[in-house]
Amino acid sequence: MERAPGHVVNVRDAPPWRGRRLVALPDLLLEAHDGGYAIVVNAASGARLKVSSGLYRILSSFRLPRTLEEAVEEAGDPRIAAGVDALLGRGLLMDADRPMPMAQPLRRAVPYRFCNAPRWVAPAAGDGFVVLGVPYDLGGPGHCRDAPMLIRQRSLDYAYLLDLDTHRPRGWFDAASGERILKGVPIADAEDVHVVYGEKQADTFARMETAMRHALGERSVPLVLGGDRSLCFVMARRLAMRQPLTVLQFAPDTTMAHGEGEVVTVRDVGRRMAALEGIVSCLTLGLRADAGAAVEAGEITVAAARARGLAETVHGAMMAKDVLLAVDVGVLDTSMPPEGNGFSLSEMRDLIDAVGRRHRIAGIGIFGLDAGGMTGGAVAGELLGIVACHLALYAMHGASCAWQGGP
Amino acid sequence: MMDGAGHLTLFGWPSAMANADSGRFCAIGVPSDHGNGVSRGAAQAPAAVRRAASHLASPRHQGVDLGDLAGCGAQDHDTVLVRLAALVEQVVERGLRPLLIGGDHSLTYAPALALQRHGDIGVVWFDAHTDFSPWSAGQGHSHKQVLRRIEALSGVARVLQIGYRGLTIGDERYLGETSTVVTTAQARALDAADVLRLMPPELPWYLSIDIDVIDPFHAPGTSAPVPDGLEPRWLGKVVGAMAGRRKIIGADVVEVNPRLDVGGITSAIAAELLRTIADAPGER
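Protein chains in written order, with this note's numbering: chain E, 1 to 407; chain Z, 408 to 691.
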């Protein structure tokens, strides 16, 4: 059934589908129709196709699997055969008994872009950030797949604007430091990686890695909006190809458990990353006090970090020049009122600053935002979405300091 | 005019002005959120805050509670503000001090307008935002630009904004010759005495507390939360010092949104702040 591009059907030849049962794609929707044309949407892929009314009538006659002879009275008309061939060629009609495997799209459109930054169109040559949402949460127990949309939606309060004179990004004024951050730093949003829940994790991860490879220029820094922190594995694998890399995870519980199966989970992602080629070290900071004896080498509790000093904790760790910064927002104290169990936003900012002062932040991941699973309900979830925006922007500022000569 | 008769009053205060001693606080609920473009819900705050206050010990100085300004939902926002300013005028003429329970922050324009007619005043503006958005022709009163309106009133001699924070488009630390902005980061390094030094003692002061000045994990029930805010304890100490050591001619707590609150903790903080103000042995 496959046709080489530009193949012209000679209707006098018996086409290869003659006598076979054909069926219209089950995911088709009719978006518009007038006397001359119809616009058909493939709901599975999002593709829109404009077809003539005649072709649409032929397509409609294949709602159930049948041969052309069963579906259309004038099956011998060469124009009908040409129409069927066109529908097959455009993927609207398929062989009912030998369906072609569907190629999954790499990415999917999103309703909002992070800070309303421009949509990504091509890898940039210079420094800049590429935002990529990955609504995958099957590496852990939480419901984090809505987080990319929530973070992007809340980020619209922090609009990405250009300077009227220079046409460069204006950045934002940070009231806490009295500085303008991310001034002149371009951001582009490459939308979401397409996730098929139920497919093999390796397939999802491969798609994410391909999306990163396509979207990132040589000096681009990815901001991945997860999803759960198992996605950090893909970021580490990809970024370690550039330079030796340390992965610094902020997480409330262990990431160093022994793997129990083929799936990378939130509990073993640290151990699995540590085994990747190019990974110099893998640290986890922010475990809760009740992690107790479960704390593994390379893992530091909130209490231990506070006791030693936040900056000292970061500076005392053995780390490569390039650091992948992965924040599971569960590391934050989100109790209402705060109980001090996790880091505050202010502490997280100090930690990120400490990383940015001595290292090059090669990638940023924001993971683990389960808006519906919080004690404070939807309000707390929304609030955590705002906090996640701040964390992302602070981390981006930390990364951009390396380009701009230090904080 | 009021519909508070027979309803729960703030701290169990009586609801008639007739027998109130001069200088006492006069609570007025303003169940209006038409100036909040983000979210509905602040109109429910007067009732929620009074309920929360009923669990607190009464302040040392008894005031009165006139109940809620009636008809807020059926009138244009301009009309509500005009009526509120007129009511505040009556309260002042009676020798009392208005203590407003908002409602959204645009309401503060009304008491500021009324009070500055009696002489120069200072305004303390506790808020995560500066509320100094640019004018938009044709738009009504908004909680986003209310301080810009107030700062332009001829009788407002000083503005002290405390709590500005977060990531904003522009640098909002300069609001004009008469204004001082203390960011949240700066405020944390100050104690009450430091803050009082920013308030000339010869000036009467109006305190306006937008509950979003507090960290949203302490006070989540508000429509425009900004992370990393002030702690309630710090705010309570500073407000108590202001109420005790400066001439306070009125105050409000606004932008509590019970619809977004978690277990009533935001209303409880608002009630505690009102109690702190009413409890202080300030100049009356």
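Certain hints may be false.
The list that follows gives simulated cross-link-like pairs (lysine to aspartate or glutamate, EDC-like), each with its CA atoms no further than 20 angstroms apart [claimed, not checked]:
1. E:K200 x E:D127
2. E:K183 x Z:D578
3. E:K183 x Z:D485
4. Z:K654 x Z:D686
5. E:K183 x E:D203
6. E:K183 x E:D127
Label-pair ranges, simulated between beta-carbon atoms [said to hold, decoys possible]:
7. E:A43 x Z:V445: 44 to 54 angstroms
8. E:Q243 x Z:A596: 55 to 65 angstroms
9. Z:A596 x E:A47: 54 to 64 angstroms
10. Z:S446 x E:R90: 42 to 52 angstroms
11. E:A303 x Z:L597: 22 to 32 angstroms
12. E:A304 x Z:G671: 29 to 39 angstroms
13. Z:Q497 x E:R119: 52 to 62 angstroms
14. E:A109 x Z:G526: 58 to 68 angstroms
15. Z:D598 x E:A304: 47 to 57 angstroms
Examples of chain Z residues toward chain E, derived with CB under 8 angstroms [stated by the list, open to error]:
16. V499
17. R572
18. G573
19. G577
20. L582
21. E584
22. T585
23. L667
24. I672
25. D686
Since the hints were made in silico from the structure, they are not lab data.
Virtual Cβ for every residue (Gly too), placed ideally from N, Cα, C.
Right, here's what the structure says about each hint:
Taking the CA atoms of K200 of chain E and D127 of chain E, the gap is near 34 angstroms; set against the 20 angstroms cutoff, the hint is violated. The hinted pair formed by K183 of chain E and D578 of chain Z meets the criterion: a straight-line CA distance of about 13 angstroms does not exceed 20 angstroms. At most 20 angstroms may separate the alpha-carbon atoms for a hinted pair to count; K183 of chain E and D485 of chain Z exceed this at roughly 40 angstroms. A C-alpha spacing of about 14 angstroms is found between K654 of chain Z and D686 of chain Z, which places the hinted pair at or below 20 angstroms, so the restraint holds.
About 37 angstroms separates the Cα atoms of K183 of chain E and D203 of chain E, which puts this hinted pair outside 20 angstroms; it is violated. In summary, the hint linking K183 of chain E to D127 of chain E is supported, as the alpha carbons are separated by about 12 angstroms, within the 20 angstroms threshold. For the pair A43 of chain E and V445 of chain Z, the beta carbons lie near 34 angstroms from each other, so the given range of 44 to 54 angstroms is not met. Distance hint check: the CB atoms of Q243 of chain E and A596 of chain Z are about 39 angstroms apart, inconsistent with the given range 55 to 65 angstroms.
Roughly 58 angstroms separates the CB atoms of A596 of chain Z and A47 of chain E, a value that falls within the hinted 54 to 64 angstroms. For the pair S446 of chain Z and R90 of chain E, the supplied restraint of 42 to 52 angstroms holds, since their beta-carbon distance comes to about 47 angstroms. Taken as a hint, the range 22 to 32 angstroms holds for the pair A303 of chain E and L597 of chain Z, whose Cβ atoms sit roughly 29 angstroms apart. Roughly 36 angstroms separates the CB atoms of A304 of chain E and G671 of chain Z, a value that falls within the hinted 29 to 39 angstroms.
A C-beta distance of roughly 57 angstroms is found between Q497 of chain Z and R119 of chain E, which places it inside the suggested range of 52 to 62 angstroms. Taking the beta carbon of each, A109 of chain E and G526 of chain Z are about 60 angstroms apart, inside 58 to 68 angstroms as hinted. At roughly 31 angstroms, the beta-carbon separation of D598 of chain Z and A304 of chain E lies outside the given 47 to 57 angstroms, and the hint is violated. With a cut of 8 angstroms, the hint placing V499 of chain Z at the interface with chain E is violated, because the nearest CB-to-CB distance is about 35 angstroms.
Against a cut-off of 8 angstroms between C-beta atoms, the interface hint on R572 of chain Z holds, since the closest Cβ of chain E lies about 5 angstroms away. The criterion of a C-beta within 8 angstroms of any C-beta in chain E is met by G573 of chain Z, whose closest approach is roughly 6 angstroms, and the hint holds. Taking 8 angstroms as the C-beta contact cut-off toward chain E, the hint placing G577 of chain Z at the interface holds, the least distance being around 6 angstroms. Hint on L582 of chain Z is violated. Least Cβ distance to chain E is approximately 13 angstroms, over the 8 angstroms limit.
Interface restraint check: E584 of chain Z against chain E, minimum CB-CB distance 20 angstroms, threshold 8 angstroms, status violated. A least Cβ separation of about 20 angstroms between T585 of chain Z and chain E goes past the 8 angstroms threshold, and the interface hint is therefore violated. Interface restraint check: L667 of chain Z against chain E, minimum CB-CB distance 5 angstroms, threshold 8 angstroms, status holds. Because the closest C-beta pair between I672 of chain Z and chain E is about 6 angstroms apart, less than 8 angstroms, the hint holds.
Given the 8 angstroms rule on beta carbons, the hint for D686 of chain Z is violated: about 22 angstroms separates it from the nearest Cβ of chain E.
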